[in-house]
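Trainee: This is what each chain is made of:
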Amino acid sequence: MHRKAILATTALCLSVSAVLAQDLNEEQQRALTARQAHMGLYGFYLTPLGQMAQETIPYDAQTAAAAAGNLAAMAAIDQSAFWVDGTDSSIETSRARAEIWTDPDGYLQVKQGMAEATEALALVAGDGLDALKGAFGPVGQSCGACHQTYRAPAN
Amino acid sequence: MTRWPWIAGLLVAGIGAGWFTTKPSPLPASALDGITGDATRGAVTFAAAGCASCHNAPDGPLDVLAGGKSFTSDFGTFIAPNISSDPVHGVGDWSDLDLASAIMRGVSPEGAHYYPAFPYTSYIKADIQDVADLIAHLRTLPADATPSQPHDLRFPYTIRATLGPWKALYLRDDWVMDAPTPELERGRDLVEALGHCAECHTPRNALGGLDRAAWLTGAPNPSGEGRIPDITPAGLTWSEQQIAEYLKSGFTPEFDSAGGTMADVIRNTAQLSDEDRLAIAAYLKALPETLSSE
Numbered sequence: 001m002h003r004k005a006i007l008a009t010t011a012l013c014l015s016v017s018a019v020l021a022q023d024l025n026e027e028q029q030r031a032l033t034a035r036q037a038h039m040g041l042y043g044f045y046l047t048p049l050g051q052m053a054q055e056t057i058p059y060d061a062q063t064a065a066a067a068a069g070n071l072a073a074m075a076a077i078d079q080s081a082f083w084v085d086g087t088d089s090s091i092e093t094s095r096a097r098a099e100i101w102t103d104p105d106g107y108l109q110v111k112q113g114m115a116e117a118t119e120a121l122a123l124v125a126g127d128g129l130d131a132l133k134g135a136f137g138p139v140g141q142s143c144g145a146c147h148q149t150y151r152a153p154a155n
Numbered sequence: 001m002t003r004w005p006w007i008a009g010l011l012v013a014g015i016g017a018g019w020f021t022t023k024p025s026p027l028p029a030s031a032l033d034g035i036t037g038d039a040t041r042g043a044v045t046f047a048a049a050g051c052a053s054c055h056n057a058p059d060g061p062l063d064v065l066a067g068g069k070s071f072t073s074d075f076g077t078f079i080a081p082n083i084s085s086d087p088v089h090g091v092g093d094w095s096d097l098d099l100a101s102a103i104m105r106g107v108s109p110e111g112a113h114y115y116p117a118f119p120y121t122s123y124i125k126a127d128i129q130d131v132a133d134l135i136a137h138l139r140t141l142p143a144d145a146t147p148s149q150p151h152d153l154r155f156p157y158t159i160r161a162t163l164g165p166w167k168a169l170y171l172r173d174d175w176v177m178d179a180p181t182p183e184l185e186r187g188r189d190l191v192e193a194l195g196h197c198a199e200c201h202t203p204r205n206a207l208g209g210l211d212r213a214a215w216l217t218g219a220p221n222p223s224g225e226g227r228i229p230d231i232t233p234a235g236l237t238w239s240e241q242q243i244a245e246y247l248k249s250g251f252t253p254e255f256d257s258a259g260g261t262m263a264d265v266i267r268n269t270a271q272l273s274d275e276d277r278l279a280i281a282a283y284l285k286a287l288p289e290t291l292s293s294e
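Residue numbers (this note's numbering), protein chains in the order written: chain A, 1 to 155; chain B, 1 to 294.
None of these hints come from the bench; they were simulated from the model. Cβ atoms here follow ideal geometry from the backbone N, Cα and C, with glycine treated the same way. Careful: at least some of the hints might be erroneous.
Stated by the list, open to error - A few chain B residues that face chain A, going by a derived Cβ cut-off under 10 Å, partial list only: (1) S223; (2) I228; (3) D230; (4) A234; (5) L236; (6) E240; (7) Q242; (8) E245; (9) K248; (10) F251; (11) F255; (12) G259; (13) T261; (14) D264; (15) N268; (16) Q271.
As the list claims (entries may be wrong) - Taking lysine-lysine and the DSS-like style, the derived pairs with C-alpha atoms no more than 27 Å apart in a straight line are: (17) K248/B with K125/B; (18) K111/A with K133/A; (19) K285/B with K125/B; (20) K23/B with K133/A; (21) K125/B with K23/B; (22) K111/A with K248/B; (23) K285/B with K111/A.
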C-alpha cells in the first residue's frame, strides 16, 4: 500500500512538474484538470444516451434515466471556479477560448441552454426510446452552440 | 528614346489581350431556358450549399441573409454581403440569370469578378436545376435593408481584374472523383459542388488555388487557429454510419461535439435527409487513401 502511495505521489509530482514547465501555477493546473475531467464526464454519460438514440445499443430505461440525470446535475453546477486567468487557449493544453473570459454573459447563456436541454432530457429519458430521441437532439445542439464560439479547434 | 512608345504600346496591347481573355464571363443567356426553379426543393439545396452560414447576420436567424460576417484570409478580410430579397441592399431585383451567373461563374450583374471567398469555384459544378431551385427558395426569404460592407483586402488583391487570370487557372468545372453509382454521384454533388467541403478541407497553393492532388486531406485554418482535419479515409476512420450521424447531430463516435465553423456546417447538414448524409459519407469513404498534403 505504502509503495503504491509513494508511486502515485511521485507520478503526480512528475506530471505537475511537467506542467510547471509551461508556467502554470498550481491553481491554474487544478482548474484545467478539473474542467477537462468535467468535459470528459459529459462524454461518459452522453455515450450510452447517444448510442441508444442512434440505436447502436438497445434502449434501457434505467441506464438512460441515470445517465441523463447525471448529465443534468453536471450541467447545473456553478462553474465559475473553472475559469482561472491565464488558462485560455493561448496555452498549449487548453482549448478554452478567451471569449469565455471576455464574454461571460454569452458564455453563461449557452451554459444555461445546456442546463435546460439536459434537464428536459432527464425528465423523459426513462419514458421510452422515442422520448429519449426527441429530447436528445436539443442536447446535441447545446453542445454545438458552446463549442462553436467558446472552444478553439484542435491542432 | 523612340523605343519607349513601342514598349508602352506593346504593354497596353498585352494588358488589353490579357483582359480580353480573362474578362468576366457570365453564364450564357440561354442557361436557364426551359428550367423552372422549385422553392421547396430549393430549401434543401440552400441548406446543402451552406448559404446561410456565411450570409446571415452575425448571430442572426438563418433565413435573414443580411450579410456582415467577416472571414479572415491570407489576402485580407472578406465581409459577406447582403443577399436578402431587399431590392436595394440585397439581390431582390436581380434576374434569375444574374443570380445563377453570380453563383456558378462568380460574375456580378455589372460584369465584375467576385472574389472566390464566395465558393463559385465549387458551385460551378452544381446542376443548373439545383441552382434554379436554390434561387426560387432565396426569393421566398425576407428582405433586409442592411447595406453590404466593403471587404478589407491588401494590395494588389483589391484589384478585381487580377481575378481574371486566377479564374483562368483555378475555376474548373470538372469533377475530382469518379462517381460510378447513383449514391456516389449524389455524394459528389453534395461534397464537391453544393457543400463546397474542399474550400476548407483542401490545402491551397500560394495563389490561393486548391491543391487537387491533396483533395480533402486537411489544411491550415485561414483564421490561424488550429488545423482543418483530413477527411479522407487516411485521416477519418469512422464508418459511413458514424459520419452520417455526425452530420446529423454533431456528435463524433466518442460523443464529443463539433465546434467552430463545423458547428455551422452541422446546422445545415442536419436539415438534409438520411440518404443525403449517407451519400456524403459514401463519397468520403471512397476517396483514395494515398492522398497526402505533406
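Trainee: Could you tell me which of the numbered hints above are not met by this structure, giving the numbers in increasing order?
Mentor: The structure conflicts with hints 3, 4, 5, 6, 15, 16, 20 and 23, although it agrees with all the remaining ones.
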